[in-house]
Amino acid sequence: MKIHEYQARDLFRAYGIPVPDGAVCHTVDEVRALVPDDNQLRVIKAQVHAGGRGKAGGVKLARSKADAIENASKILGMDIKGYTVEKVLVANAVDISKEFYVGLINDRNTKSVTLMASAEGGVEIEEVAKVSPEKIIKLSINPVAGLMDWQAREIAFKLFTDIKHVRAATDILKKLYKLYIETDSTLAEINPLVITEQGEVMAIDGKMNFDDNALFRQDDILAMREVTEDEQKEIDANEKGLSYIKLDGSIGCMVNGAGLAMATMDMIKLYGGEPANFLDIGGSSNPQKVIDAMNILLGDTNVKAVMINIFGGITRCDDVARGLIIALEQIKTDIPIVVRLSGTNAKEGLEMLKATGLPTVSTMSEAAQKAIELSK
Amino acid sequence: MKIHEYQARDLFRAYGIPVPDGAVCHTVDEVRALVPDDNQLRVIKAQVHAGGRGKAGGVKLARSKADAIENASKILGMDIKGYTVEKVLVANAVDISKEFYVGLINDRNTKSVTLMASAEGGVEIEEVAKVSPEKIIKLSINPVAGLMDWQAREIAFKLFTDIKHVRAATDILKKLYKLYIETDSTLAEINPLVITEQGEVMAIDGKMNFDDNALFRQDDILAMREVTEDEQKEIDANEKGLSYIKLDGSIGCMVNGAGLAMATMDMIKLYGGEPANFLDIGGSSNPQKVIDAMNILLGDTNVKAVMINIFGGITRCDDVARGLIIALEQIKTDIPIVVRLSGTNAKEGLEMLKATGLPTVSTMSEAAQKAIELSK
Amino acid sequence: MSILINKETKLIVQGITGRDGAFHAGKMKAYGTHVVGGVSPGKGGQHIDGVPIFNTVKEAREATDANASVIFVPAPFAADAILEASFAGIELVIAITEGVPQQDMIRVMPFIKQNGTKLIGPNCPGLITPGECLIGILPGNIFLQGNIGLMSRSGTLTYEVVNLLTENGLGQTTCVGIGGDPVAGLYYQDLLQMFEDDPKTDAVVLIGEIGGDAEEQAAKFIKEKMTKPVVAFIAGQTAPPGKRMGHAGAIISSGSGTAEEKIKAFGDAGVPVAKEPSQIPGLIKSKLGL
Amino acid sequence: MSILINKETKLIVQGITGRDGAFHAGKMKAYGTHVVGGVSPGKGGQHIDGVPIFNTVKEAREATDANASVIFVPAPFAADAILEASFAGIELVIAITEGVPQQDMIRVMPFIKQNGTKLIGPNCPGLITPGECLIGILPGNIFLQGNIGLMSRSGTLTYEVVNLLTENGLGQTTCVGIGGDPVAGLYYQDLLQMFEDDPKTDAVVLIGEIGGDAEEQAAKFIKEKMTKPVVAFIAGQTAPPGKRMGHAGAIISSGSGTAEEKIKAFGDAGVPVAKEPSQIPGLIKSKLGL
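Protein chains in written order, with our numbering: chain Y, 2 to 377; chain U, 2 to 377; chain C, 626 to 915; chain W, 626 to 915.
Hints may be right or wrong, so weigh each one.
[Claimed, not checked] Across the chosen pairs, the derived CB separations fall in these ranges:
no., chain 1, residue 1, chain 2, residue 2, range
1, Y, Thr111, W, Asn793, 56 to 62 angstroms
2, U, Asn239, W, Gly670, 56 to 62 angstroms
3, U, Thr111, C, Gly670, 28 to 34 angstroms
4, Y, Asp163, U, His50, 32 to 38 angstroms
5, Y, Glu330, C, Lys889, 56 to 62 angstroms
6, U, Thr111, C, Glu716, 57 to 63 angstroms
7, Y, Thr111, W, Gly670, 56 to 62 angstroms
8, W, Lys889, U, Asn110, 14 to 20 angstroms
Hints listed in this document are in silico derivations from the structure and should not be mistaken for laboratory results.
By construction, the Cβ of each residue, glycine as well, lies at the ideal position given by its N, Cα and C atoms.
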């Protein structure tokens, strides 16, 4: 689960990590009410779940109240990579003396939380990682000891020279780790972490992701969740035991198992089609899941053909066939559907489907080719 | 640092460990206001920092409001082992089906927190430990893993048979451990932990001690501290860098170092005297400490003679002599003082003391014998 | 021969009285696996389908001498169940449960390492040595005894591939589903080493997915240490770039994680990568000179 | 010969710029100890009294090849300082700091064990191999090179005893103050074993205190493992029964902790217990047949 920059800022502040003063606004009126008529330089930042908002014009400086109002009115409602900007963060701009990067992530290889830090902070950190990986300091954190004070200080000494900055950064790293662990985070970045001209160490921009599997024990984080229409579909699907991600193609697919679903999408592309979605109905044999899945698939107006690919293991093919028959009785559709059933009770399932007149094939490749052909 | 039973109860409740309803009262009027005129059986318990209050009559049952008032008035003001009862806990009595013991303690040998549990709970647990140590289950807790759920459950299964009780006890053990760690406790006991006739698992009486060295980070615990007059003297002494414990004898002693101070007390007893105190002035050479120490010693009206025993290491004997001379100028006293200085700058110190006319000796044994002789 | 499990394996089922645990305990027994006990706190002393139930893993292990445990307990309690098995001295733990919080698994790792426990999963379908022992939720009927080792991050895709192997007469020594979670037990390298050391295994099929760099690490390992042929397949070659990873994701994997990079890594290690699952049997046969 | 420290020991001082750290660094240097560096975050690159200062223990160790560290940092940060030294690969860590929270020490223990670090203290005066190396706050002038090993839970009482030994011509191999805290590093047994193994040590003096059962454990160890004579003294024989321990205290130490029990335990182990410190030299001499 992702949150907005302003929400990450709120968490930082709650854990004592210094951030510039600021607040989120949903309307131009709120900006007008918030910003006093002073000479403070401010920055107005679009709050959307999309990268590259700076290049898209979603980040603007404001030298006056009038400026702030004007820029906020430009940014609010703007479209960034398909996301409409509904909120802006209005924050005091600070005089930056130097930019740094610090981040925490769950690392598959070390099976631990890894702390990363670099004196080359700012937007180009990914470029730094590629070109000069030696400039990224990495530390694998022992989960039972946690981030020890001396470790945080050792990292801070690699970034800063002035002991005042070292102490401030040590403190920030410890607090970021605490925040990370206590919220079941999977990614927490401060980029840039800066030294201001006044000598303060501060988090200017932040990003946090959270473990969906741990949301059951993270009510405060869950309360921050904001979803787009597409994401809502994915969440609804999830609640029905389905894993669904909408894509832009025209071949809807329904598969059991994530790996097989991905392989199915690959197959569609391999034969020149474009998948309309990723849809995994999971391992159960409940016909209702098939009905729900078909409803989702056929509700997508981009879908021109549907490919059903089931390998029966725990899932029984006759159950899938049964669900499909009920679904097709409920949802009358003209969209062509190709069915491939293999494995447990495939024979029975295929027998049941005969009455529906749906085209059935025996391999994944055939199914993909047939679906593409029918979609044209 | 110790707290009262009612304070331990409050901590238990804050951590979700079930305790019977109740409240602390400082006066009979408070009891009158608290207890409704019903048929609830209640128990009135003296809240003093002394053991054996049951035998001393400090715990009484009350079958009615009038009963509660009468018994509270008997207990309030009562003297238990030199402590005046200033508070009573008034709590609902429960129908106990079976009593258990659980406790956590910092264990020197395993250098970890040890969980102890026994199906033989109640006041005689120390007897159980001596006579049937096999009835006490012990578990050394890995400090980095903490008390794992399965461990708490394994212990609970050794005490209880009904899965309802096992689950409740598992939960209580986990909460007690959390409380223990989060408050820098050195001892946390529930004795007895009971199953009520109604099938509930509950903490009936509890005891907690805390690490004095950790009070700097335990404001909430520190706020619970209540001290007697004697303890206040010890705390005042502590703030002056002295370690002082008042005893009942007549030979005051001032020593540098806790081990040497204990050995000095032993020596006094060995030669037939009784030490009036334990007093360690620590390792510094600050003459002010000597002045403060002498003020404490000579402020105790039981003291008939003073033995000063200094082995100069880091402490310099001339500094001690200097402090002593200033102290004796400030506090005019007729109480005889024997001085033994040895080690660093002992010669210089003894030379300085010549003018005071104080008797000086060269060994601990002589000092003890001389002080006893002078006290008569 | 085989790796990890065989005819001698004695299995207990943690969460045996739950819906999934009970169902699959029955399936495993039916396949021939020695299901010697189950654990379900509070049900100790009872039996399910002839299998004795215990309150704790320790009791179960002491009574049955089990050396493997499969975990079906719900996600919030799965990490604790793994620890219980590990501290009870169970050598091989297979966690089927999906949805286990990542921090829980991170905290488990140092202890299972310290105790010398081998962990597979969580969020995995289990493993099978065909004809000898099945642990988990794999459909036993599609497997065939033989000389191919298989490891996979996915479930049904594995069955798809195994079915193709079996249809082509390519039986398996052991097939292991390592699970799809970011923080998991045995990885490709661990299993590759075991297959390399297993005299019965002649070739290995590796089924990977996009994301992370487990496949790149495996490719490196194969290049440096493996003498036996390996054939790979990567699912998600055409999936849109991962929506969930920020800067740090790119940094930590040093730019890897895409299908292209994985395919390139395998290419460098001399490992042919199938374009679609149906090519796998052919690639294996040509590697084995069949 | 000696135990733990000698002429070759290279010491760094953590907290060297603090009042106590600076003072005792000077004292130790004056005694002849190789004080090769100090650690004080933010003062790296400076010197104090000719000793180079570093920001971290790691830097100090890399630059100086130190194998011992003495800790003078304030109590709230002492446990972290121990960990920093341990993870930097320092073999012997002496924590002088008093007032360290017990839970901090409990959390430190598994890591120093895992790293193979020897810890003395906290709340201890340090140790000395007379004529070779002094680490801590002991007054060097009272010690004499010789063949007696000494270990103690107390500070000045140790000096009292050492002074008596020295005055009686009984020099020392190494004297170790193990500290008075409930949760501490090396205990009597560890040191007894080292003295037993040290060819130069002919007899050992053990100075104990009431409370806990470290002395009982030591007596047991002596009975079972020691061939060299040991003489003991217990301080606090007449102290009023410990005010601080509840039921659990009595349970955990199985009824022990009093001076009587300790004296009895030593008696059972054939260890004479001095009634007052001045008897110790005589007891040692008679044991050594002098």
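Quick check: does the Cβ-Cβ distance between threonine 111 of chain Y and asparagine 793 of chain W fall within 56 to 62 angstroms? For asparagine 793 of chain W against threonine 111 of chain Y, whose Cβ atoms are near 59 angstroms apart, the range 56 to 62 angstroms holds.
Range hint 57 to 63 angstroms (beta carbons of threonine 111 of chain U and glutamate 716 of chain C) holds or violated: violated (27 angstroms)
Taking the CB of threonine 111 of chain Y and the CB of glycine 670 of chain W, does the distance hold inside 56 to 62 angstroms? violated (33 angstroms)
Distance restraint hint 56 to 62 angstroms, applied to the beta-carbon atoms of glutamate 330 of chain Y and lysine 889 of chain C: violated (49 angstroms)
Does the Cβ-Cβ separation between lysine 889 of chain W and asparagine 110 of chain U fall within 14 to 20 angstroms? holds (19 angstroms)
Given a hint of 56 to 62 angstroms, does the C-beta separation of asparagine 239 of chain U and glycine 670 of chain W actually sit inside it? violated (39 angstroms)
So does aspartate 163 of chain Y sit 32 to 38 angstroms from histidine 50 of chain U, Cβ to Cβ? With Cβ atoms ~50 angstroms apart, the hint is violated.
Is the gap between the beta carbons of threonine 111 of chain U and glycine 670 of chain C within 28 to 34 angstroms? holds (33 angstroms)
Comparing the model with each earlier hint shows violations of hints 2, 4, 5, 6, 7; every other hint is respected.
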